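Undergrad: Chains as they are written, first to last, in the numbering used here: chain L, 6 to 199; chain S, 2 to 358; chain X, 30 to 593.
All clues given are correct.
To be clear about the criterion: a stretch of chain X counts as covered by chain L if any three or more of its residues have a C-beta under 8 Å from a C-beta of chain L, and this derived list gives those stretches:
id	stretch
1	181-195
2	229-235
3	247-261
4	275-289
5	360-369
Note that these hints are calculated values from the structure, not bench results. All of these numbers come straight from a predicted model, not from anything done at the bench. Using N, Cα and C, we set each Cβ at its ideal position, and we do this for glycine too.
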Amino acid sequence: MSSKDTPTTDASTTTRDARMGEGLDDRFNSKLREAFGSSPFILTKFDKFMNWVRGSSMFMLQFGIACCSIEMMHTYAVKHDLDRFGAGVPRASPRQADVIIVPGTIVSKFAPRMKRVYDQMPEPKFVIGMGSCTISGGPFQEGYNVVKGAEEVIPVDIHVPGTGAVLRTRPGRGRRTARRGDRRGDPRDAVQLG
Amino acid sequence: MAATPLQEDVTLLPETIARTLGLDAYGFAGQILAALIGAFIVGNVMLAMTGVAGPWAKRKITAAFTDRIAVNRVGPFGLLIIVADAVRLLSKELIVPENVDRPAWDLAPLVVAGSALLGFAVIPMGNGIHLADPEVGLAYVFATASLASVGLVMAGYASNNKYSLLGGLRAVAQNVAYEIPLVVTGVSVVIFAGSLRMGEIVAVQRETLVVLAGVPIPSWFAIVNPFAFVLFVVANLAEVGRNPFDTPEAPTEIVAGYQTEYSSVYFVLFYLGEFVHIFLGGAIIATLFLGGPAGPVLPGFVWFVIKIWAVFLFTQWARSAMPRVRIDQLMEIGWKGLLVLSFANLVLTAIIVGVIA
Amino acid sequence: MSADPDRTAGADAGATETLPVTEGVEADRLAELLGDLVRRRDEHLNADAAFEVHPDDVQETLFTLRDEAGFDHCSCVTAQEYDDRFESIYHLKKYDDPTQEVSVVVPTDKADPRSESAEPVYRTADWHEREAYDLVGIEYDDHPDLRRILLPETWQGHPLSKDYDQDRPQVVTLQEHANPLEEDHKDSESDTMFLNIGPHHPATHGVLHLKTTLDGEQVADVDPDIGYLHRCEEQMCQQGTYRHQIMPYPDRWDYISAGLLNEWAYARAAEDLADIEVPDYAQVIRTMSAELCRIASHMLAVGTFALDVYGDFTAIFMYAIREREKAQKVLEDLTGQRMMFNYFRLGGVVWDIPEPRDEFFERARDFLDGLPQATQEFHDLLTTNEIFQLRCVDTGILPPETAKSYGATGPVARGSGIDVDLRRDDPYGYYDELDWDVITQDGCDNYARVLVRLREVEESAKIIEQCLDLLEDWPEDDREIQANVPRTLKPDPDTETYRAVEAAKGELGIYIRSDGTDTPARFKIRSPCFSNLQTLSEMAEGEYIADLVAALGSLDIVLGEVDR
Ligand code: SF4
Numbered sequence: 006m007s008s009k010d011t012p013t014t015d016a017s018t019t020t021r022d023a024r025m026g027e028g029l030d031d032r033f034n035s036k037l038r039e040a041f042g043s044s045p046f047i048l049t050k051f052d053k054f055m056n057w058v059r060g061s062s063m064f065m066l067q068f069g070i071a072c073c074s075i076e077m078m079h080t081y082a083v084k085h086d087l088d089r090f091g092a093g094v095p096r097a098s099p100r101q102a103d104v105i106i107v108p109g110t111i112v113s114k115f116a117p118r119m120k121r122v123y124d125q126m127p128e129p130k131f132v133i134g135m136g137s138c139t140i141s142g143g144p145f146q147e148g149y150n151v152v153k154g155a156e157e158v159i160p161v162d163i164h165v166p167g168t169g170a171v172l173r174t175r176p177g178r179g180r181r182t183a184r185r186g187d188r189r190g191d192p193r194d195a196v197q198l199g
Numbered sequence: 002m003a004a005t006p007l008q009e010d011v012t013l014l015p016e017t018i019a020r021t022l023g024l025d026a027y028g029f030a031g032q033i034l035a036a037l038i039g040a041f042i043v044g045n046v047m048l049a050m051t052g053v054a055g056p057w058a059k060r061k062i063t064a065a066f067t068d069r070i071a072v073n074r075v076g077p078f079g080l081l082i083i084v085a086d087a088v089r090l091l092s093k094e095l096i097v098p099e100n101v102d103r104p105a106w107d108l109a110p111l112v113v114a115g116s117a118l119l120g121f122a123v124i125p126m127g128n129g130i131h132l133a134d135p136e137v138g139l140a141y142v143f144a145t146a147s148l149a150s151v152g153l154v155m156a157g158y159a160s161n162n163k164y165s166l167l168g169g170l171r172a173v174a175q176n177v178a179y180e181i182p183l184v185v186t187g188v189s190v191v192i193f194a195g196s197l198r199m200g201e202i203v204a205v206q207r208e209t210l211v212v213l214a215g216v217p218i219p220s221w222f223a224i225v226n227p228f229a230f231v232l233f234v235v236a237n238l239a240e241v242g243r244n245p246f247d248t249p250e251a252p253t254e255i256v257a258g259y260q261t262e263y264s265s266v267y268f269v270l271f272y273l274g275e276f277v278h279i280f281l282g283g284a285i286i287a288t289l290f291l292g293g294p295a296g297p298v299l300p301g302f303v304w305f306v307i308k309i310w311a312v313f314l315f316t317q318w319a320r321s322a323m324p325r326v327r328i329d330q331l332m333e334i335g336w337k338g339l340l341v342l343s344f345a346n347l348v349l350t351a352i353i354v355g356v357i358a
Numbered sequence: 030m031s032a033d034p035d036r037t038a039g040a041d042a043g044a045t046e047t048l049p050v051t052e053g054v055e056a057d058r059l060a061e062l063l064g065d066l067v068r069r070r071d072e073h074l075n076a077d078a079a080f081e082v083h084p085d086d087v088q089e090t091l092f093t094l095r096d097e098a099g100f101d102h103c104s105c106v107t108a109q110e111y112d113d114r115f116e117s118i119y120h121l122k123k124y125d126d127p128t129q130e131v132s133v134v135v136p137t138d139k140a141d142p143r144s145e146s147a148e149p150v151y152r153t154a155d156w157h158e159r160e161a162y163d164l165v166g167i168e169y170d171d172h173p174d175l176r177r178i179l180l181p182e183t184w185q186g187h188p189l190s191k192d193y194d195q196d197r198p199q200v201v202t203l204q205e206h207a208n209p210l211e212e213d214h215k216d217s218e219s220d221t222m223f224l225n226i227g228p229h230h231p232a233t234h235g236v237l238h239l240k241t242t243l244d245g246e247q248v249a250d251v252d253p254d255i256g257y258l259h260r261c262e263e264q265m266c267q268q269g270t271y272r273h274q275i276m277p278y279p280d281r282w283d284y285i286s287a288g289l290l291n292e293w294a295y296a297r298a299a300e301d302l303a304d305i306e307v308p309d310y311a312q313v314i315r316t317m318s319a320e321l322c323r324i325a326s327h328m329l330a331v332g333t334f335a336l337d338v339y340g341d342f343t344a345i346f347m348y349a350i351r352e353r354e355k356a357q358k359v360l361e362d363l364t365g366q367r368m369m370f371n372y373f374r375l376g377g378v379v380w381d382i383p384e385p386r387d388e389f390f391e392r393a394r395d396f397l398d399g400l401p402q403a404t405q406e407f408h409d410l411l412t413t414n415e416i417f418q419l420r421c422v423d424t425g426i427l428p429p430e431t432a433k434s435y436g437a438t439g440p441v442a443r444g445s446g447i448d449v450d451l452r453r454d455d456p457y458g459y460y461d462e463l464d465w466d467v468i469t470q471d472g473c474d475n476y477a478r479v480l481v482r483l484r485e486v487e488e489s490a491k492i493i494e495q496c497l498d499l500l501e502d503w504p505e506d507d508r509e510i511q512a513n514v515p516r517t518l519k520p521d522p523d524t525e526t527y528r529a530v531e532a533a534k535g536e537l538g539i540y541i542r543s544d545g546t547d548t549p550a551r552f553k554i555r556s557p558c559f560s561n562l563q564t565l566s567e568m569a570e571g572e573y574i575a576d577l578v579a580a581l582g583s584l585d586i587v588l589g590e591v592d593r
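Using the sequences and the hints given, assemble the complete structure.
TA: Given below as structure tokens:
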């Protein structure tokens, strides 16, 4: 499916470039590192520590779009209890959130607003695209009004495939988002396709 | 009642420090230094408590009410979440939105967090941890505690955000409405104790009221005047903005109220401020109604902490179990209910004390 | 003869009020009543009486039908384009007896598609016609506010019309919204403030945008702005084949686990269209599983309402989710999925109860056994809570007359004392063989709506209980789960039907017109939330923000279904 008919293509490309530079995601490069040059020992440790920090504690944005958000709520709630991983404090204001889970189909009317919400979040921020809809438009890909994936609008760090039943993937994965390189296995990482 | 202060023997913390460090010799400068050290210690103890309460205890308590487990992956019982949360929040980008009213916007979090901490200066915490004991102790505590509402208005107004504005306005309306019953109820205690001095209020409560089955019941004002106690606890809930009176934040109505626009460090300050406030509320309740640091076996300070945490637990309980009242209902409860009741309580107390004395 | 969705095909013993025989008579009587207004008589599968009227006679016709024949429920307005004309169809019903249906067909000129608006007759037509304008391009004279509703203002073309070019790029920009009343203004009497609530806001349950004008803390004006989740469901369904490709989509309309109820809506309409008889055994399974969905859905409704009123993820919310998880577990055992079930098939269901059956029954019964205690807990914590009552009783008032005129159905209507439930009034599935009650409350307020939902959960449990008994004792050699349905379904050209079921939120109706191919020519979804949401401004204006939020919560809308 060409992305020509999506209204936001241009905007998204600029966002992506502005965010990432030429193919490079420099969100983790601190001022310190710039000053010290290429990774000295202390900074590596420090990076590790920061990764641990960001991975162990996250505030989620209380952000629901479509069907996936129902399952997202379930992850917060009793049975799956996302808070075990230190991520169970949904904040209503984007200013206080670290992770935005994009749970659902993005349509033309909503895309600019989602971008705005994303822009309102402070760095470092992470995006988890939940469900097929955020990957490609999912079941609605051919719709006249549907944006073909969240990546068209904002940069997505982690894609969780499946439609609806993606819930069990997420706690472990969310952690991994922040840890980036640190791929310590988590049983919950087994992807269940919907 | 007790006209002679019972607490002559208690030395204040700065004096103790001055004596142990030998700062006495430096006269006034030494006193100031000692006071600063004392304040530093007390402030840090309080901040440490909020540090535990904010990211960890609050979650655990809420989880217990809602059939969950909450943080358990990072460190023992998830305690390391405190480190993680703190570092992470502080390392976030501080967003300064366009058109915010700069000095006010920056000062607001400081005012909110600082005002609550100031209040602890006059609270006797047992084991000689008591920074100052001025004549007007109680008035001072109330004064500092209500400074926070200034901070909230500043935050709400300066944020250039309509939700913040609504939150700020609600915060003032609420604080004004509940401050009065709070103070008036506090005054009824003062009538009993015959002093505004915190040390004395605590000392008075040390007397034994009755002996029931061999157990001496102290004359805590919660027992002497349970009515005032209940009033005070309710008004305090509103004062610290917890359910059912959490209208200034009201996440489902006005996003996050006055703190909607704050991120990073400023948000941490607000967050801390909120908890320090709850603890200050707890400290006031403990001092006025629960005998301050008094209690058997354990040292006074431990008792004091236990009492504050009990109040904290209560606020969390209320938060988990009670719906939020609407802003107009809140006003109604404040002005038509609590205010009237607190005055009734005051008059009654005055009469009773007058008759007894 | 309980399981006959095709009511016009033969005598339906389950229908209490009107028999198909009288329906014909009724149609003639109506034609007489309308007299010259009728230009032509048409035949729809659901309604014998389908009258074609002139675009300028719409209001007169509808007024007559409403005031003199008692058709007080405009359940849906379908717009579509033929090769030679545009057409709007008003599907009318009676609240007292939804089996009596009339379709008023208004053909309009291809070059200049204009017809008279029905808004003065039925308030609900307001949004329905805006949608028709937005998607198909018919213009309605006399309409108070004809602008796009689902698509952004800047959209070019009408996507469901024939000459729409989907590959053409569209430009959608972020616009600041203007104050619908006036610029934030200040005069001696009032100063109002304009506030955007949503599309990302914790209280909107998704991506709804409320343009709110506040006077202090009070709501002076609220205008719901929808379309932030318009996923082209109708287009998707029009591209799918009847037999298999459409069924996954209904799950995504009302995604709060009401999937099976939605699937049933499609199944009912398509089975009606293709004249398929569903075996009784499958009907019982359908009934049972659909009610499980209803429980799950109502639980979330109660939970999120509590969230709105309590303001945080508190105990009630968590307990509601807990019960929901249990219901979902049973559904997962049955269908293999937690949300997107895709379990119904035309003519039945996809598979039988999972083996070992006993285990499934046991688990389902365990769930039901725990339910009374859980609902009691809700009553203890929620409905008998003084503060909760303070907040909910007498707020968000929706008088029955207003509710009817806005086409409200489901728990919203029943909370306003309107005794309407399609499961009883227009029976389908196995409902009329079972023993259960329709819950109504006269409160007309937020409290009544919550109470209705909580009680309905109990009724649903009763239904499931009976279904389980039936299923357990069902003779082994008679467990037919699917009727014999041809591999490719091609209903006769130009058959039209509108069929509705009682979904979790109210009357979920599907209009299908076939054109002889294996995909529908027009697939229109009548979503209950769409109509229910329209009542919001009636309920909230003049109240406090907190009540606006509570009222919205008590409507229990799902944006997936509102926007489709
Ligand atoms: S991926 Fe599936 S469940 Fe998720 S929003 Fe899209 S359609 Fe819904």
